[in-house]
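Enquirer: Can you make the complete structure from the sequences, with help from the hints?
Residue numbers (the numbering used here), protein chains in the order written: chain A, 1 to 199; chain B, 1 to 664; chain C, 1 to 141.
Since the hints were made in silico from the structure, they are not lab data. Beta carbons: idealized from backbone N, C-alpha and C, even for Gly. A portion of the hints provided could be inaccurate.
Keeping only pairs whose Cα atoms sit at most 35 Å apart, straight-line, the calculated DSBU-like set for lysine-lysine is [stated by the list, open to error]: (1) B/K265 / A/K119; (2) B/K516 / B/K591; (3) A/K18 / B/K591.
Between beta-carbon pairs, the in silico distance windows are [stated by the list, open to error]: (4) A/F45 / B/V260: 13 to 21 Å; (5) B/K591 / A/W117: 46 to 54 Å; (6) B/F371 / C/L83: 40 to 48 Å.
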Amino acid sequence: MAEAMQTAQALPVGSEGKRSGGWWGVLALIVTEGSLFGYLLFTYFYLASQSEQHWPPDGLPELLIPGVNTVILLASSVFVWVSERCIQRSMLLCSLVSMALAHILGVCFVAIQFNEWSKTTYDMTSNLYGSLYFTITGFHMLHVIVGLVILMALLLWIALGYFDHRRYAAVTIGGLYWHFVDVVWLFVFTTLYLTPYLY
Amino acid sequence: MTNVDQSMLDLNFCRVPEMGSAPVGSAAETRLARLWESAPGWRGWLSTVDHKTIGLRYLVTAFIFLLMGGVEALIMRLQLARPDQTLLTPEQYSQLFTMHGVTMIFLYSLPILSGFSNYLWPLMLGSRDMAFPRLNALSYWIFLFSGIFLYASFPLGEAPNAGWFNYVPFAGLEYNTGPNIDVYALGMVLLGISTTVGAVNFIVTLFRMRAPGMSIDRVPILVWGTLTASVANIFAVPSVSLAFFMLWLDRQAGTHFFDVLNGGKPLLWQHLFWMFGHPWVYAVVLPAMGIVSDALPTFCRRPLVGYSAVALSTMATMLLGFGVWIHHMFATGLPTLALSFFGAASMVISIPSAVAVFAWIATIWLGRPVFTTPFLFFAGFVILFVIGGLSGVMTAAVPLDFQLNETYFIVAHLHYVLIGINVFPVVGGIYYWFPKFFGRMMNETLGKWSFWVMFIGFNLGFFPMHLAGLLGMPRRIYTYAPHMGWTAVNMVTSVGSFVFAAGILIFLVNILVSLKRGVPATSNPWDAPTLEWAMPSPPPVYNFAVIPFVASRHPLWEDRLDEGVGRSSLEQGYLLMEGRETIGTTPLDAKPDIILKMPDDSYTPFFLGLFSALVFVGLLLHWRDFTVLMVLACSLSLTVWMWPRQALVQRVQDIEHDKEAAHG
Amino acid sequence: MNRSFKHDSALEPSVPPGGRMNAILLWVGLFGAPVAWIAQVFLSEPLAAYACYPYQTPLSAPIWERLPAILITIGIACLTVALLSGLAAWTSWRQSDSKSVGEDRSRFLVKLSAMSSFIFIVAIIFNICAILLVPPCSSWF
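Expert: Below, the structure written as structure tokens:
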């Protein structure tokens, strides 16, 4: 037998939390998606640093509403975390309610962001800044929408009683993706809304 | 918490994996075969998730792309054989060299290595499948569809035509109004999905699916190569996907990323492309170098010299490879010091490369080489790698690169590197593993012929290109005047290219002959050390009847080498046959960690692949409603795919039902 | 029951025998030098490129007079980090030498860390040479 390998030890079966394949898979997915946003922000800084015009062309961005929206998105992440903690303890109702709240907050974020988009005086085609702004926030919006679909599915599955303290890997994994989407927003927000104040 | 205690006893959630043995013909073995078999006929063909089938599909498909790219090259060589030829129009020539590059770089060189890794990884690592079998199938289908997509406009004379690195502004709408570049842009984003999911699958497989005892210092070098390439891909592929997507937006949605008039920067394209492109170059050679590092020792009758050094050199090359992309942009007018950093890094890469080369040479030197066909290919590879590497170090020097940039010298360099480090190991690898794939040996006589014809043809064809480059012949010209002094070298190159093609033809004939009449292979015909040779050839559907326990780097040579303290156990091990199961282990030490439930065959990967390809068709043709419909179809397929399943113990519900039923 | 194997799960005990200190030495040795090199390239490159070619026309002198000094400072800082990581690798190498056989996995990782430190220290020194030898903005032509 290979060295002193313990072979008679009981092992979990199937998708068990952080030992499941899915957890590792989503970590890898996050790395690659994270790099995607890295390249997007590189594009922004690369083009902005070489722009000879006033940047951003329409003056400094308004901070209040996007700031509130950021808080909303982060709050949503917190509720996803709470939902996972509850399911760990088999508290189904608590888990369901927090997941629903997380979802609602996510929807609020989308609505507010759409409103922000409609308020701009430029669009994707009007100038370079517009192209960058809408592509970067658009990519993030796409991720939020995918995340909302995932939260919706989790909500449904929790409601169907698929999970309790023994198996809830889907909540862990889907939740991780949602946290990622929220953390990425902090970078996007810093880049698009805060860094223009630095120069 | 009585609930909790009860569930502890619940074997559905937690159990001690049963040990045992399952010799061929035993009840256990029959049961395993039934569990892992695919349905017969087209249903099994569309729904299979068996890594061996998928691996072979990758190999065959990629090889067909190699042949297509090869034919394109031969047509170009006919055009260039003599000055002032009119076989091709300039536009046809542009499309041919672009498609040649796209095919070889994207549709052949990485997919063929994915084929090897898909087939071999679980066998080498002692697992019953990859970590994500369905994702594996998806990765293949998307690769196939994106290949078809990229070639779809070729018969219409509208193929991509701006070179494989597709520089703006020439690739922008202003100079390139047809669908050519849109096909390329969308096709590459699609292919990027395939590459990414494939890479994720390899990474998770390495960290989680190794046989118990196969700690991180015992994995075969091929695994290190593919792992490194996969990690690089998940960092690098988003860059090119984004670049192509932004180019498509510029062309179709009116954005300004590369639009000079509105502040866009053409150099942004070059940065994004080469931030991906250079790591990609290493991604398509490191696994091939891994093939050599694993197979060469078998024919030298001794372990690889410097396992740790080769493993580290693989990873160091890759990491340095992320810091050299600007050496593709030396002639763009960037400031001198900014270029020098990248020249410096490019030279540092020769350190790990040389470490690997000396490890191979030392292995041959200290071993007792057996001069079979695979050995010839691997030894030939070492020579070509040295030549290609030397011309690489030359062009890493910024001033010299100014002279050589955009000449045939670069063409010679990149072909020495890509054919030398990719095609030769791949063909050698096919000779080596053919018995495992198909249970028959390949013909040695034809094999030796194929090697010598390929090797001579290759050098005859590509070495003169160095001279053509030094004589100042630019790349990508569709013809040249007789008084330029390039006539002789071009003729020799063209002759060489056809000799090389003849070598490939002999190889293909050998495959066909050997498939029909090859000598039946034993389980370990080469007397090789690694786990894939521990099972019958071809391997059974379930790979390992019992999950082996590994005690050294060379499980099949342990008695000879007397490595380590223990002995690997290949006959006795975990049975795991409550459905499709395999063992999950910890990332570094490979201690048993979990019993993984593996998915059954499924049509979802095929449909998800098909629908996502159709999304891109819709985008290309501006069919808005169709695109939306296909996006919905994709989401539906994904929902079906992700739905938590009882059989995989992803959810709890039905067990409660069963229990209630049992109690009631 | 999940509880019993939740916490040690994904985070396997990667601590080699000898404790946490050795583990830190090992990981610093493995990744310190590469990270230092990456930091050097990704800090120096944009500075060097932007200083000489900020907008549409290349300049003959950097927009910041002290560019070489800045780059050298970055280089030396990164070299220091890399050397410290090399020291960490060296320390764990010596410790692993004195250990009994049978620790293949950690011995392997220690070897990797020593070699990776070496290569990336060389890479950083090459970059510093570039700063010393090449004038920042002169044209090649």
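Enquirer: Confirm or reject each hint.
Expert: Evaluation of the provided hints:
1. Our distance criterion of 35 Å between C-alpha atoms is met by B/K265 and A/K119, whose separation comes to about 28 Å.
2. With a C-alpha separation of about 43 Å, the suggested pairing of B/K516 with B/K591 is violated against the 35 Å cut-off.
3. The hinted pair formed by A/K18 and B/K591 meets the criterion: a straight-line CA distance of about 16 Å does not exceed 35 Å.
4. With their beta carbons about 19 Å apart, A/F45 and B/V260 fall inside the hinted range of 13 to 21 Å.
5. A C-beta distance of roughly 51 Å is found between B/K591 and A/W117, which places it inside the suggested range of 46 to 54 Å.
6. At about 47 Å, the beta-carbon gap between B/F371 and C/L83 stays in the expected band of 40 to 48 Å.
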